[in-house]
Each structure stands twice: as structure tokens, then as C-alpha cells.
Amino acid sequence: EAQVTQNPRYLITVTGKKLTVTCSQNMNHEYMSWYRQDPGLGLRQIYYSMNVEVTDKGDVPEGYKVSRKEKRNFPLILESPSPNQTSLYFCASRQGARAFFGQGTRLTVV
Amino acid sequence: QKEVEQDPGPLSVPEGAIVSLNCTYSNSAFQYFMWYRQYSRKGPELLMYTYSSGNKEDGRFTAQVDKSSKYISLFIRDSQPSDSATYLCATSYDKVIFGPGTSLSVIP
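Sequences listed follow chains W and Y, in order. Basically the numbering used here = 1-based index in the first sequence + 295. Numbering follows the numbering used here, with no gaps: position 64 of the second sequence is 59.
Please keep in mind that the hints were generated in silico from the structure rather than gathered at the bench. Keep in mind that a hint or two might mislead.
What the hints assert, rightly or not - Straight-line Cα separation of at most 25 angstroms, DSS-like style, residue types lysine-lysine; simulated pairs:
(1) Y:Lys51 - Y:Lys62
(2) W:Lys360 - Y:Lys65
(3) W:Lys366 - Y:Lys90
Isolated chain W (complex conformation) (with noise of 0.2 angstroms):
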């Protein structure tokens, strides 16, 4: 079964305390993201990556890294969480236009 896989689904944690989200595809896609979901702000893209060790900012990078070591993973680093990154997130892996996401991380920083 195509999907994108996000681990943790949930989690709260402390200001400062490193955390890595991780997410997985099994589509061979090249193209994959993070995005932030917050309410009355829609989903907005914080980091992508077009291909291994490729990527780039999206809108909002800002406390926020990747990388891409391999096609099917790009796990999401929180160096220093604040409170402010509590929030929904996605990953997505793309083929063209069409987005496919995984199910979310619901993070809370406290």
C-alpha cells in the first residue's frame, strides 16, 4: 500500500529538548516536505526537498531543520523547541502536482 509514514504520532515535550519528527514513503518519490497546520492559517510548508541531499526552505524554516539522506525519509529536527512550534504536522511526499501526507504529529511544546 502507497503511504507516508510519520512517527510520533503524538508528543509532548519541554522548551529546549531536541526532538526529531521522522516520516517515511514507499512511493519512490522524489519530492517530499514538511508542512505546519494551525488553525485559520491553513497549511504552510516549512522545509522541502526535490531529491537526496537536496533541500530548501519553505515559508516558515525558522527553528526548524531537515535532511535527506536517503529518497524515502526526511526526518523533521526541533534543535530548541519553543513554545510557538506547538502545532499539527505533515509530511508529504509529491509526484507532480499531487501531494500525498502522512498522518500527522501532533506536537505540544511546553
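We have chain W already, so just place chain Y on it with the hints.
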């Protein structure tokens, strides 16, 4: 001005009603137009995808694009309670831009 605008609702309709969801976009370079459906606590899933102006039908769903007025619509016929979700329009040239979503409730 946001690149893609959408009335957030919420929109509440009785079962069986025809639903009309709408978006406007600002950039005439957008070439692809999509509707995603997002159930509560789930990721968005692609519902409809179209490249050109005109209508595209898939079962009870019809997507309509008017490039001249930069207007995108989704019509749902014979709406069902299972259609209750948030609907996001999206457009694309080299990246995908999403609208904020419209929350729809179909009441039995």
C-alpha cells in the same frame, strides 16, 4: 493578499443537500488545481485534480475551474454525513499552495 483564499466556514447542511465550496487565487501562473479532503485527526487526502479550466466530475463530486476569474469550486451532490470534513483547495506551479480549508458538516 494571500495566494489562495477560501471561506473557512463552518458550513452546515442537511443530508442530501448540494454543497458548493469555493476558492479564489491570485497568481495566473498556477496551472494545477486540486481539492483535498481532511477528516478529523487525519492527513489531507487528494479528492480531485484538474489541469485546465472547465468541469471535472467524479461520482457525486464536481470540480470547476475558471482561470479567467481565478476561481475554483467543488460541488458535492446528495451530500452524506460521511462527507463531513475540512476541504482544502490547492493550486500549483512549482510548489503547491493550500487554502486554509472550509469545515463542512452534513447533518443526518
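Here is what the structure says about each hint:
1. In summary, the hint linking Lys51 of chain Y to Lys62 of chain Y is supported, as the alpha carbons are separated by about 14 angstroms, within the 25 angstroms threshold.
2. Restraint check for Lys360 of chain W and Lys65 of chain Y: not satisfied, since their Cα atoms lie roughly 35 angstroms apart, outside the 25 angstroms limit.
3. Between Lys366 of chain W and Lys90 of chain Y, the direct Cα distance comes to roughly 19 angstroms. Compliance with the 25 angstroms bound is thereby established for this hinted pair.
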